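J.: Starting from the structure of chain A, add chain B where the hints point.
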Amino acid sequence: MKPCIVGIGGAGGSMLEPFLQNLDLDLMIHDFAGNDRLTYGDVKGIWVESQTADVEKQHYYGNSIKGQNPGYLICHGGVKDDSLTRTHVMKTYGFDLKAPGYDRRAEYLKGLFEIFELDENLKRLCSDEFGGYDNPLSDYMWKIGIRPLTIISTGGSTSVKDETVSSAKSKRSKPLPELLRCFLKPRNLNSDQNTKRCDCILFLTSLGGGTGTGFINPISSAVRSDEKVFPIFALGMLTEKGEDGRHTQENVRDLAAVIALYDLLTKESGKGIDGLILMDGQILKERFGHYSAMDGKIYEAMKPLLDIKNYPGDEQQYEAQALRSAVWDTDAKNPMEQEEAIQKRLFPPVLIPCYYTQPDWIGDLKTLVEGALGKKGHVSSLGLDGRLFPCDPEKAERALVFIRGFFELTEIKKAVMDRTGLSEGKIKVYRKLGDSRSEDVLILLRNPYGGETGAHKCKGTLEWRFHDIIAESIKYIEKNEMNILGYQGYTQLTKDYMGKYFYQSGGIKDLLSKSLKYIESGRKPFFCRELRIFGESAKLSQVEEQIMVSTNLEEQITCISRREAERLLMEKGIIH
Amino acid sequence: MSPPRYEILLLIAMLIVLILGIISHVGYWIRINSHISKTAGIDVGKQDLRKALHMHHGSNFNTIYITSWSLLLVAFIYLYFMTPQIFSDLNYFRVPNIASGSFGLAALGAAVILIPGSLAALFIPRACSYYTVTRRMKRMSLLAPVLLIISIFCSINLGSIYPTIDSFYWNLGFVTLILALVILLAPFIMGFAEEMRM
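Protein chains in written order, with our numbering: chain A, 1 to 576; chain B, 1001 to 1198.
To be clear, the hints were calculated from the coordinates, so they are not data collected in a lab.
Note that the coordinates shown come from a computational prediction; the quantities given were computed from them, not determined experimentally.
Any given hint could turn out to be false.
[To be verified] Chain B side only, calculated, beta carbon under 7 Å to chain A, not exhaustive:
no.: 1; residue: Asn1033
no.: 2; residue: Ser1034
no.: 3; residue: Ser1037
no.: 4; residue: Thr1039
no.: 5; residue: Ala1040
no.: 6; residue: Val1044
no.: 7; residue: Asp1048
no.: 8; residue: His1056
no.: 9; residue: Asn1060
no.: 10; residue: Met1137
no.: 11; residue: Lys1138
no.: 12; residue: Met1190
no.: 13; residue: Ala1193
no.: 14; residue: Glu1194
We put the beta carbon where it would ideally sit given N, CA and C, even for glycine.
Isolated chain B, as found in the complex:
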């Protein structure tokens, strides 16, 4: 059995980061719930807890945050599923009607934004509203869309030059993608880390 491709290993690393974010979120809720239950003197329902923790982060931040998550999904699909380089049976080039069209890439991006992107837009900012996001963290989040656009351009370049393969562009696309993911998950991870310290 041949060893898994280097790109697949990186995909697993990215999934681990994502899972870490989810674990942080769940852990945060469990710890907060336990602190409040111990000290509130009453049974606190989930709804009450949500209401108590909810805070606004501002329209500008939410816009950037939702945009970034949508771009993250697009960048991920472009990087892994555009050329047959990684998944030879499941990629954009397997749909020649769209791939050869003038607006093929745009259609792929729009499809990603519309279906999983809209779900992300619905749930992730809401989840984020239970965390304290400092102004510094908010300023950092401005980097996410920039990094993701770099990643998308790298993928587009890779798609344009295929079948030629340029590992520099792929690596650059991946690094920018994972950095953006870390930035977007930072409120969850930092929130949990702060809770763990108590």
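Just chain A, with the same shape it has in the complex:
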């Protein structure tokens, strides 16, 4: 696995810095590596930002448009000041495509991206002005900034179409004469390029309501709409309690985070990300104090995942596609069943990282695993072990174990089984050789929540943390109607839609209240349905309700068909 790491927003950029640090010597007078940096795990990355002032203040990133590495990309860099699209968006909706830093409200960017999907006039205008782009922001970021760093840019896509093209090309090329084959190996330029490029994407962002929070959904959807099976993961950091570095109120940040999380976790398989790795800034802040140390810790924790010194013999499982399958893994008995299961209405899983390191001459596998997951029964010992987000490991559906050091596979599985209670088949182990100075483990627990009533009252559970931020968000929505809808730039049209989105029956406030109830009753997942500002009616239909509560597959299919029929009838104006 070699990810293209995309830091979004100010915090995303800071989190990205350690990942892109050059491990080669800095000769100062000349760089023999040219523009190529030697990074851990050979990762590549880019910082996407909208705040031009923030970009100018720093000296770490150069302009990626000028080919500098590591590079930044201003997400509205393709939009001119007098752009017709910009003018249209501003007049019609009151959004500014070039707003520096945007507003610290997730709904602002959510709305801004939605209009490009729904407004036909705007689509046409945008396509004419930006040479076929559907969206001048997300398409620009994806096609100019991120795509060139991935194997997709060299035709190394995993799509069937691309495979056909490349096999046709290889059939056309003349084989080397037998005599020369002993001396020359035919060189596949595409494959040479591919080894240097990334086979998946990892977005890094804080969920504090800035650029990252707003962009993470639209950009991941833009990539997904282009590449159906390309692995896309996101690492989101929930910001700390109290005031943050930018002195933004906690409940404002909570609302933004909840909106972003809601959208990320309700995009069905094949429409959004493949998994959300969630960290809690509160835990990191308590343990490491300041932001740069926290960024360093995030990098350290992800190293077992990025390490390319794989254990000999089982290299294939380390490929990004294999990891993607493992993340979506169901209880299917064969690949066909697995594919069917993914096609069903599956939402991306939450992956909770648990990390621990110890010198290799101290402790054993048990201490290593317990260091990461905490001791059995210690749910509330938050921040004292390696759990980077509150959770109870015993509620996890599956565990992906990335471990560096010399350990036997069966022993690793046994240690994780003992701690989590998972069966052997639900633990996937990725062994790396590491650097022999220390051994460490990163365990990604899939959806470690649910199944227990009242778990939200127990400090240290995932339910407890989510319940807290959702409850804060609802309070903020209730008490700040003027603040949310009265944003000075919005046009009346936008205000109306925002009003429906937030306050109408079936709107986000209603859905979040339902989520709270689901959390309290131990239901999984607690976010149940994608909700748009400018899209379909925000009203939750009875059919949707039925889908959410039904567990039977046949019943679900019937409900989905009814929902589709209802949508078509509404589109034709037959029902309202």
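T.: Using the frame of chain A, we list chain B on its own:
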């Protein structure tokens, strides 16, 4: 029988350091192989192991590393084989045609770099790629070419003033040479030491 010259004893000490490096490398492979064989659950071939352990250290580091090893050989030849002081039958001054030429020293250096130096350049960075080289160690390696250039200048000075002998310059040339050798072997020795600790 007269006791061996002081310089010969130091040469033996230097060879011991070099042998220590080779032993470390072999020991590292044996230990890693044994750890992996015990835990992998399959027979691991040498080729698989090489592939698994291989890592890039960067073009800048490799350039400095190859340059340093080539300079190390040049510095060693200059220090021991330039004047008849140590090996009276085998030295640069025994080839007067080259030694008296304007570019004699350069020709000697180039010959050393081209023949044994190119072999070192081929094999040593590759061997090093199986070890973890920290950024600190990489920064330390920048000292090696500096030390070696000091050693070479000391030898050139000794060659210029011969038959006068200046033991300070010779000692300085040797100390810088052996320090550079230790720096260049550090990844191997440290790697083995880390493995021994497990």
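J.: Next step is simple, just say for each hint if it's right about the structure.
T.: Hints, verified against the model:
1. Asn1033: With a closest approach of 10 Å, the Asn1033/B hint is violated.
2. Ser1034: Because about 9 Å separates Ser1034/B from the closest Cβ in chain A, which is outside the 7 Å limit, the hint is violated.
3. Ser1037: violated (10 Å)
4. Thr1039: Holds, about 5 Å.
5. Ala1040: holds (5 Å)
6. Val1044: Since chain A brings a Cβ to about 5 Å from Val1044/B, closer than 7 Å, the hint holds.
7. Asp1048: holds (4 Å)
8. His1056: holds (6 Å)
9. Asn1060: holds (4 Å)
10. Met1137: violated (10 Å)
11. Lys1138: holds (5 Å)
12. Met1190: violated (9 Å)
13. Ala1193: Cβ of Ala1193/B sits 10 Å from chain A, so the hint is violated.
14. Glu1194: holds (5 Å)
Hints 1, 2, 3, 10, 12, 13 from the earlier list are contradicted by this structure; the remaining hints agree with it.
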